[in-house]
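With these hints in hand, go ahead and build the complete structure from the sequences.
So the protein sequences, as listed, match chains A and B.
Residue 39 is where the first sequence starts when you use this note's numbering, and the numbers rise one by one after that.
Residue -3 is where the second sequence starts when you use this note's numbering, and the numbers rise one by one after that.
Treat the hints as calculated values from the structure; they're not laboratory data.
The reader is advised that the hints may include incorrect statements.
As the list claims (entries may be wrong) - The following residues of chain A were derived to be distant from chain B, with all beta-carbon distances above 12 Å: (1) D351; (2) R746; (3) F747.
To be verified - Restricting the straight-line Cα-Cα distance to at most 16 Å, the calculated cross-link-like pairs of lysine to aspartate or glutamate (EDC-like) are: (4) K467(A) to D161(B); (5) K793(A) to D22(B); (6) K68(A) to E136(A); (7) K791(A) to D161(B); (8) K467(A) to D162(B); (9) K211(B) to D162(B); (10) K788(A) to E54(B); (11) K132(B) to D222(B).
Remember, predicted model here, so these are calculated numbers, not experimental data.
Ideal Cβ placement from N, Cα and C applies to all residues, glycine included.
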Amino acid sequence: MKNFSTLSALLLFVGLLKAQTTVTISGVIKDAQNGETLIGATVEAPRYKKGNVSNEYGFYSLSIPVSRDSFEIRFSYIGYQPLRRKVKASSAVRLDVELKPKGTLLNEVEIKASSYTEKVHSTEMSVSTLSAREIKALPTLLGETDIIKILQLKPGISSGSEGSSGLYVRGGNSDQNLIILDEAIVYNANHLFGFFSTFNSDAVKDVKVYKGGFPAQYGGRLSSVIDVRMKEGNNQRFSGSGGVGIVASRLMLEGPIKKGKSSFIISGRRTYVDLITRQINKNNADVREYNPIPNYYFYDLNTKLNFTFSDKDRLYLSGYFGRDVFKYKDKQFNFLFDWGNTTGSARWNHVFGPRLFLNTTATFSNYQYKVQNIFQGFSLRLGSFVKDVNVKADFYYQVNNTHTMRFGANFTKHQFVLGRLKAGSNDGKIRFEAGQTFGGSERCLYISDEWALRRNLKINYGARVSLWQNEPVYFRSFEPRLAANFSINDRWSLKTSYARMVQNVHLLASSGLSLPTDIWYPSTHIVRPEKSDQIALGTSYLFGKNVLLTWEAWYKRLKNSVDLIDGAELYGNPNLEGQLTFGHGFAYSPLELEIEKKEGKLTGWIAYTLSWVKRGGFPDINRGTNFSPRYDTRNNLNIVGIYEINKRWQLTATWVYNSGSVGWLPIGRMTIQDVAGAPIKLVVPVYGDRNNYRMPAYMRGDLSLIFRFKIKRLENDFTLGVYNVTNRRNPYFIYLNAETEGSGADLTVKSIKAKQVTLFPILPSITWNFKF
Amino acid sequence: MKNYIFFALSFIGLSACNLSKEVELDLPEYTDQPVVECYLQPGKHFRLLLTHSSAYFEPLGLDSSFVQKTLLQGATVTITYSGQTDTLYNNNSFELSPFKLYNYTGHNIVSDTPGIEYQLKIILPNGGGDISAKTKMLSFQPIDSVVIQWNLIDTSARALTYITDDLKTTDFFRRTLNINSLDSVPEQDFVWTDRVSTTSLIVFGTGFDLWTGNKVINTVYHIDQDYYDYLESVQLAILANLNPFAQPSGIKSNVSGSANPAGIFTCLVFDRDSTLVKM
Chain A
39 MKNFSTLSAL
49 LLFVGLLKAQ
59 TTVTISGVIK
69 DAQNGETLIG
79 ATVEAPRYKK
89 GNVSNEYGFY
99 SLSIPVSRDS
109 FEIRFSYIGY
119 QPLRRKVKAS
129 SAVRLDVELK
139 PKGTLLNEVE
149 IKASSYTEKV
159 HSTEMSVSTL
169 SAREIKALPT
179 LLGETDIIKI
189 LQLKPGISSG
199 SEGSSGLYVR
209 GGNSDQNLII
219 LDEAIVYNAN
229 HLFGFFSTFN
239 SDAVKDVKVY
249 KGGFPAQYGG
259 RLSSVIDVRM
269 KEGNNQRFSG
279 SGGVGIVASR
289 LMLEGPIKKG
299 KSSFIISGRR
309 TYVDLITRQI
319 NKNNADVREY
329 NPIPNYYFYD
339 LNTKLNFTFS
349 DKDRLYLSGY
359 FGRDVFKYKD
369 KQFNFLFDWG
379 NTTGSARWNH
389 VFGPRLFLNT
399 TATFSNYQYK
409 VQNIFQGFSL
419 RLGSFVKDVN
429 VKADFYYQVN
439 NTHTMRFGAN
449 FTKHQFVLGR
459 LKAGSNDGKI
469 RFEAGQTFGG
479 SERCLYISDE
489 WALRRNLKIN
499 YGARVSLWQN
509 EPVYFRSFEP
519 RLAANFSIND
529 RWSLKTSYAR
539 MVQNVHLLAS
549 SGLSLPTDIW
559 YPSTHIVRPE
569 KSDQIALGTS
579 YLFGKNVLLT
589 WEAWYKRLKN
599 SVDLIDGAEL
609 YGNPNLEGQL
619 TFGHGFAYSP
629 LELEIEKKEG
639 KLTGWIAYTL
649 SWVKRGGFPD
659 INRGTNFSPR
669 YDTRNNLNIV
679 GIYEINKRWQ
689 LTATWVYNSG
699 SVGWLPIGRM
709 TIQDVAGAPI
719 KLVVPVYGDR
729 NNYRMPAYMR
739 GDLSLIFRFK
749 IKRLENDFTL
759 GVYNVTNRRN
769 PYFIYLNAET
779 EGSGADLTVK
789 SIKAKQVTLF
799 PILPSITWNF
809 KF
Chain B
-3 MKNYIFFALS
7 FIGLSACNLS
17 KEVELDLPEY
27 TDQPVVECYL
37 QPGKHFRLLL
47 THSSAYFEPL
57 GLDSSFVQKT
67 LLQGATVTIT
77 YSGQTDTLYN
87 NNSFELSPFK
97 LYNYTGHNIV
107 SDTPGIEYQL
117 KIILPNGGGD
127 ISAKTKMLSF
137 QPIDSVVIQW
147 NLIDTSARAL
157 TYITDDLKTT
167 DFFRRTLNIN
177 SLDSVPEQDF
187 VWTDRVSTTS
197 LIVFGTGFDL
207 WTGNKVINTV
217 YHIDQDYYDY
227 LESVQLAILA
237 NLNPFAQPSG
247 IKSNVSGSAN
257 PAGIFTCLVF
267 DRDSTLVKM
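Structure below.
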């Protein structure tokens, strides 16, 4: 706490010392067509070589020491027509602007991409952004657009396994990503055991991923921040969009509540394979030996309201509700398994003046799973949930033309119910019960300052202090943050960053694939807060007007890492901590490269990462020696191309290569006779050290062709996609198969083979999208 | 044009079908381990099966001499309890129906007195190292009753097997259920702990998949935690090899020593009930 006070005082002192008489221009930058605020739009005064970008709410503030009565301000944003405005010099100028999109037939505009010049000169590094256009244009699995799968194509991020919506960022585990939707935490961002993500792209406005160099306002996870912002809704006219695919259909409606002042958006998506399976089951209901097909579906609902009360006050209310449902019913069982997230946020923006902006947020998050089985005279109910309530205040303060500060406070109350089991007979004579309940709270303060030391040297320094409380346990954490940018010239800059992150909620997941029943567990006197320290060095170089090359090298160290012991028993176990083991980890990359082009007929990126990831020091795993986690792939190369053939046709392609993930295979076998009445288990696999085998390389190419057309006011497209266009048999998992024959004394092994299983062969899909 | 589309779709469909293929693997090196299985069953002689494991792709077992090649002979095996030591002699013996094989047999009979501690010591031939383990005789856990219940919608039935548990102690059970014969593959075989029980009555049930004429053979073993962990780990090891969602596990053995052994040394106390399903 002492460190924090000293740092705050120093920052404020530095800010005041440097204050000069300047003109401060502030306002909100919006889309002229639908009133959506634009995040990261550039505002600059070319004559004075000063510039800034709009924040997450479209608000900007720019302080300029002027020498004339009037001067020109330029607003720009990729995919929009730039706007120039003359401004009279006075101490404070309010200037709200609307930028017009360049537009295409479908009016599918790029609503996100910081200008490359700004990117080159920003202290931000290790950041990836996604535009709505990219999200919708790229080839997808079974025609379902998926933000998480597109992020997996960015450098430093891997999926872990085929088709998965897992994110492993710079050697971090899948639970080390802070995934926030309108600032509310999403604990499980997957549907269907990880094959689809929870984000409905129709409702998403902007996605930004921080892989390192984390700004001080973010904390709570070690490896990444994935900040997803929902659209606000068109405040100019009623409109909608949707799509019909082979797996799911979706519909989004938006429009003004009061034109120009308030708007709504509501968006839903649902799969419909269960409608077919239900009918098949119904048709076979009278067949005695028929085993019904389980019914499975998932759905999402996103909704948002926003109200502009004045040019100083704005209120946003948003919510998300999504569920996966798996049902099975026959003459013996009535089984239900459902899981999903609920989030809600209320945010109030207040502009105190041209220099000071406040966002106050209250959020609610809940992730739960529930298993229920009812059979004659008996029932079983099993479930877990993690619930958060969070309030925070974030200030954005343009101190002067060289200092921009961010500071705020945050309080989160957690509630964990783990493995709650209630089972037994309906008459109450037999009962089984289990489960654990935990509370926990986190308080934190943060402050940071972006300081333009010289015209070509900027630093962003700050810190975050937090207190975790899970009575009677308290943990204090101090998380320093530092980033610097040195611009060699207008096109070329050098960057560096350092960030410490602390995580107090931990996912107890097996080394296998992620499951909805994986348990979130709080820090306790045994499970200590996990910590990471990451340092990165890099450079950005702008070729021509619109090709940006980014190279980064990074090293990350992890402390107090949590893993499960071999054969861990998580369900109905009152001593979960006895199933855990603790160690450390590290990851590094000398080469994380991205070449990106966001404008022109051909856009896309090439991403290459060479990295090493290790875990070690776990007394119960591999005798404490270092080992590779499953997603430690040495070489990752992703190529993404979007080619605008003409206004009607667009071709997109992706090519993915990685040099093979890590598997854990048996190395020996033994024979077990077992006790009376049980036949011999002839081949029991003997596993050696964890993750002892490097799988074959993975390679996949996807194609997508979009045809756009308009029928009166209805804009349409047909997207024909082909996943795994070369039909390559990529490894999903490998198993060892021993066929036996005979019985008793003649029992013998007939053959021993290794089999590789592929999940997805070539998969064509077609989707119809519309917009009005 | 229609033909081209038909052939293209047929090609895609056919080529997409085969999702499993045989691959050549170069697995890490593996050194064979001795494997001990010794279940002390009251009223029976001390009997022990000592085998060895092998590298996964070793051709061991690809012909009928598999059993002979797997057995680990020539070891010195002793079991010490209540101040006396029984040295097991190395001789293959069989039990039929169900088939069981032992290569070491003692002279003494296992007592059913709960609480007696047994110590196993094995010295492998040719300086192969030693193996040791301990276990205690457990109390007999009777089956209270087996109730046959008929389904309301057809003529199928289920069997509910009741036992009374002591809630003051943490107990572990194994339950197997065979239909008609002990030689059959068990319809159910699982382990259970009373950690989550809040009532002393425990029931093990079947689905409504029994029919008139079925003989339901219920066996409830009262086991110790070592055996419980061992069985769980064996099951996980088998499952994880085939299931990418499962976490593999090494075999949790209660035998240890310089020979780097695997296996189990435990007491086998069980109750068995045979019930005929009839109207």
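Evaluation of the provided hints:
no., hint, in the structure
1, D351, "holds (49 Å)"
2, R746, "holds (23 Å)"
3, F747, "holds (22 Å)"
4, K467(A) to D161(B), "holds (13 Å)"
5, K793(A) to D22(B), "holds (13 Å)"
6, K68(A) to E136(A), "holds (5 Å)"
7, K791(A) to D161(B), "violated (45 Å)"
8, K467(A) to D162(B), "holds (15 Å)"
9, K211(B) to D162(B), "violated (29 Å)"
10, K788(A) to E54(B), "holds (12 Å)"
11, K132(B) to D222(B), "holds (11 Å)"
Consistency note: the structure conflicts with the earlier hints numbered 7, 9.
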